[in-house]
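Here are the chains, one letter per residue:
There are 4 protein chains.
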Amino acid sequence: MTLSEQQKKEILEQQLQQNPTKRVTAPELEKILYEAIPVLDHGFVRIVDYMGDDSSVVQAARVSYGKGTKKISTDSGLIKYLMRHRHSTPFEMCEIKYHVKLPIFVARQWIRHRTANVNEYSARYSILDKEFYLPSKENLAAQSASNRQGRGEVINGKQADNILNILKKDAEQTYTDYELMLNEKYDGSTINKNNKGLARELARMNLTLNTYTQWYWKTDLFNLLNFLSLRADSHAQYEIRAYANVMIDSLKRWVPITFEAFMDYRMGSMELSAKGKAVIQKMIKGENCNFETSKLSKREWNELMESFGFKEQLK
Amino acid sequence: MTLSEQQKKEILEQQLQQNPTKRVTAPELEKILYEAIPVLDHGFVRIVDYMGDDSSVVQAARVSYGKGTKKISTDSGLIKYLMRHRHSTPFEMCEIKYHVKLPIFVARQWIRHRTANVNEYSARYSILDKEFYLPSKENLAAQSASNRQGRGEVINGKQADNILNILKKDAEQTYTDYELMLNEKYDGSTINKNNKGLARELARMNLTLNTYTQWYWKTDLFNLLNFLSLRADSHAQYEIRAYANVMIDSLKRWVPITFEAFMDYRMGSMELSAKGKAVIQKMIKGENCNFETSKLSKREWNELMESFGFKEQLK
Amino acid sequence: MTLSEQQKKEILEQQLQQNPTKRVTAPELEKILYEAIPVLDHGFVRIVDYMGDDSSVVQAARVSYGKGTKKISTDSGLIKYLMRHRHSTPFEMCEIKYHVKLPIFVARQWIRHRTANVNEYSARYSILDKEFYLPSKENLAAQSASNRQGRGEVINGKQADNILNILKKDAEQTYTDYELMLNEKYDGSTINKNNKGLARELARMNLTLNTYTQWYWKTDLFNLLNFLSLRADSHAQYEIRAYANVMIDSLKRWVPITFEAFMDYRMGSMELSAKGKAVIQKMIKGENCNFETSKLSKREWNELMESFGFKEQLK
Amino acid sequence: MTLSEQQKKEILEQQLQQNPTKRVTAPELEKILYEAIPVLDHGFVRIVDYMGDDSSVVQAARVSYGKGTKKISTDSGLIKYLMRHRHSTPFEMCEIKYHVKLPIFVARQWIRHRTANVNEYSARYSILDKEFYLPSKENLAAQSASNRQGRGEVINGKQADNILNILKKDAEQTYTDYELMLNEKYDGSTINKNNKGLARELARMNLTLNTYTQWYWKTDLFNLLNFLSLRADSHAQYEIRAYANVMIDSLKRWVPITFEAFMDYRMGSMELSAKGKAVIQKMIKGENCNFETSKLSKREWNELMESFGFKEQLK
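Residue numbers (the numbering used here), protein chains in the order written: chain E, 1 to 315; chain G, 1 to 315; chain P, 1 to 315; chain L, 1 to 315.
The hints are simulated quantities; they were obtained by calculation from the structure and are not laboratory data.
Please note that a few of the clues may not be correct.
One copy or two, either will do: identical chains are not told apart, so a pair holds if it fits within one copy or between any two.
[Said to hold, decoys possible] Here are the simulated lysine-lysine pairs, DSS-like style, with alpha carbons at most 30 angstroms apart:
1) K311 / K130
2) K196 / K295
3) K277 / K185
4) K31 / K315
5) K285 / K295
6) K8 / K282
7) K298 / K277
8) K130 / K282
9) K311 / K8
10) K298 / K9
11) K193 / K311
12) K185 / K285
13) K196 / K158
14) K137 / K193
15) K8 / K315
16) K169 / K137
Here the structure is a predicted model, which means the values were calculated and not measured.
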């Protein structure tokens, strides 16, 4: 992550603000406000604004006139109850806004979360930074054999070197050609005074999907939790997970009670179907129970046994 | 509007908060934060939280690292440009939250704005306040003759008295019967110790649509502008307009530049169709132009002439 | 449910249509298209249009060029997989539209599902039908002692008679007064030729919440499943559940494979938190496990034990 | 656009369906259902399903029991009225679904329309087709001097050739390297039996933004009109406009009355602010009116004069 002097100055100016407010504040989150937290090789997450805290969830659930908080213990019990029963509307009463720098292929996954507000840097209007994501060597993995959309074994040795060389070479080549077509370097200097530059909206098509873009992204707490439960999950692609993990830290600083309830009831939770529950009930009671009598398909049976760690039961 | 001593105390406690923050603040809005601003006979609007200010719109439009504001004049020009061209996403970067007390028939119009977050007081869980909306006499109007969904001439004299009596009597009767079925008064006292109370989720069905409910309602600035342009419009029902007008005042305090652009370009603006524009062009050039040659339907022609105040041209 | 002769004729005309189409069709659903299926005492559900079938889910999940269906068994396996893992987008590719007549207090719960399209009968424009919901005697229940927002024991005998009398009397009185203020009966006849009628948008406020309204309501399959999983659940208020149950039947006729997967994996399923799973694992292995060592709160422990039917473990 | 024999066969099978339905149909749209209509060099638009027609808009606006259509002329008047006054909900009652093949940089603009349902071809799961967009020579344009996010003069001659060569060379090189890293050609053949292939989710980052992707995209009629009014507009990037223009043709076949109202009142319409209206009123009346007395900013004044074609008034 490289910030220009001007960017560092602008960030610092924001951090030096000290405004009085009657609104609730989240002191732990204030500490890292505006800071560019590095993610991947050139990306970052900056928390630029927020609204509400844990007490806002309670306040809305009770439609109360006051601050929501009666006693910490009561509030905590209510938030946990709301989380456990997937109540959504009280969590929608808090809002957070991030400034994110991320590779385009990550942005394409991220944007699928529709209940959010987004302003992306316009490559029709401006020239994109000369920055592209190159995985670190330990993150180069082969296509998974078992999971058709994931990674399997790590690739290393010479093959890994080749892959990294290809990624680097192609990103640099396409970016250089992008500048050539624009007839302008990323620092603003003109290449050939006798030529016109190709329109930016056209030239950008030559860039590779690991080029970095950036956006302002704002969402409510409920939709943030949905985002995190999907994107911080072990099945998510590593590159978006890296962002989700940084954002989970901001969650903890912002709404510590909601964070705890989220970790307890959403992350690591599983859904048990009616049939699956019947199987588990029998197993607890010590009744005879196996795949053949379970009425589950093989795939379901295996998913169920695996999620409880009963590997000897796999079919 | 009647607030209990406890409610007044809770509101005051919120207003006495003074927290330091690095976030941007809206000083004029802070002045009225949490205050219950009266609307209609028993309703209110309270601004309970907000996020961002005019500079946040600019910041997002530029995807900038800093506070957005370069110079007031530049920012103002940008905001006006965004408003004029109906850019939506930068305005989505600000958020506001209201606590509103309102008659149920108003709530039913309001809730049709889907892009908002809502927590309503639950009449399955709690007993509704004994408060119902009775129009003031000058707001009693007959069905409009010209506009099939609006009001026409004011009704007055004895008929007006009769109407107000009916509304009062029926609201009181149905509320008394609500308490009777609940076997509980709104102050919490039991009516008949030997009876069970009817479930609240059932008893509420006996209440009339002018009974007051309340909710927390949160939306982004763009959707607030949509709400206001529809609900502060002269075609909106008076009762919801009363709320919209109070909220327009909060808009002015919160984001004064956006407010000004909104008043200039959205309120009082009109849409001119391609055909309508052709008519206007001819009129400006002093060319012969009338209904017969305009290719407009009679209804459109009249709408167009009326919006420019050319009453003598009406067909 | 009372339909006028004109309404019956219009419905019949729709049912007599036989149009050729290249689109996929759902033959079992076609059989009941447009039919007014009675719900509660005066309400109904009519399916008026639909788009797609089970094969559309498969087609979208595969982004295929053809009809989606390879083999019934493969498709069924895929749909079950998508349901189990809460994949949402393929189910969004089917759409259904209902015409519903329902009491206003039910409409107020229903409208909270925001991801749907709605056109409601306008009481600013038209006079509402003289129909209001009166519960049948077996549905009159006292407020629940354990669940603060539900029903408990049935109320019967004289108290039940009284309640029903009150509901009937108040609905009739307020409706008669509605007509009086409008100066127009619901059949269109004028009451007093010398009077003006109060504007409809005002007069409606005198009606009780059990008055029937109606709307067109359209949603995609994924959001329909969300609606049904909440509203056909035993915790939903009986009156909205009555609608959800009729709609579940339409689901079965429309997308039988999705219906089956929904019944298997959503209805009757439970969410097991990470801590809850640890408890269950110990119980299966026969390890010592009780409330004290579980790290669960009492409320959670009880919810967990109850959901597995282990009543002797309740604290 | 190249379709495989298998794809052609699957499309044909869909087109040969002839199912009876009681639903309304759009005969002109049925004629082109499933057909792959070419767009740009390798893209297409296929209409794969739809729900409703013009009569559905009317039916919902009236919340009627029957087919909506009274008389064509009455229906047409109502639809035009709804369009002119930007009523949204009745238009939401129709739905359409497209299968689209499009360059990734176009997909990135398109996806910003959030109120739609999307299933995109997964490059984590599958290998993308070896197809990339190369502009035709007459579409190569320089960055606009006046509009900072558009195109200006056409680039031609040798510079144009160079640009096209670069785009072709880089797309081919990055795709070849994509295959190399995957250790698999796009036809499925393995490159080096001794190597593992890089995970697809990683390898894709090497592709350029003009690579084609595809998706199923479904939206309601109201949101389709929003999409078209923005993307068929002359300010939209040519490449997405090419898609919008094909979709406008499908609009005409599907809902001809709505199409006509859309062309009359949305396309080519302009918004006139309150201040702008005052200027126009004066001009019509022949009153003295110029920039200095108009209270408009220079930018607004010029936008206004330009939109009426009064070039001599530009400042």
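query = Out of the numbered hints, which ones does the structure contradict?
reply = The structure conflicts with hints 1, 2, 3, 4, 6, 8, 9, 10, 11, 12 and 15, although it agrees with all the remaining ones.
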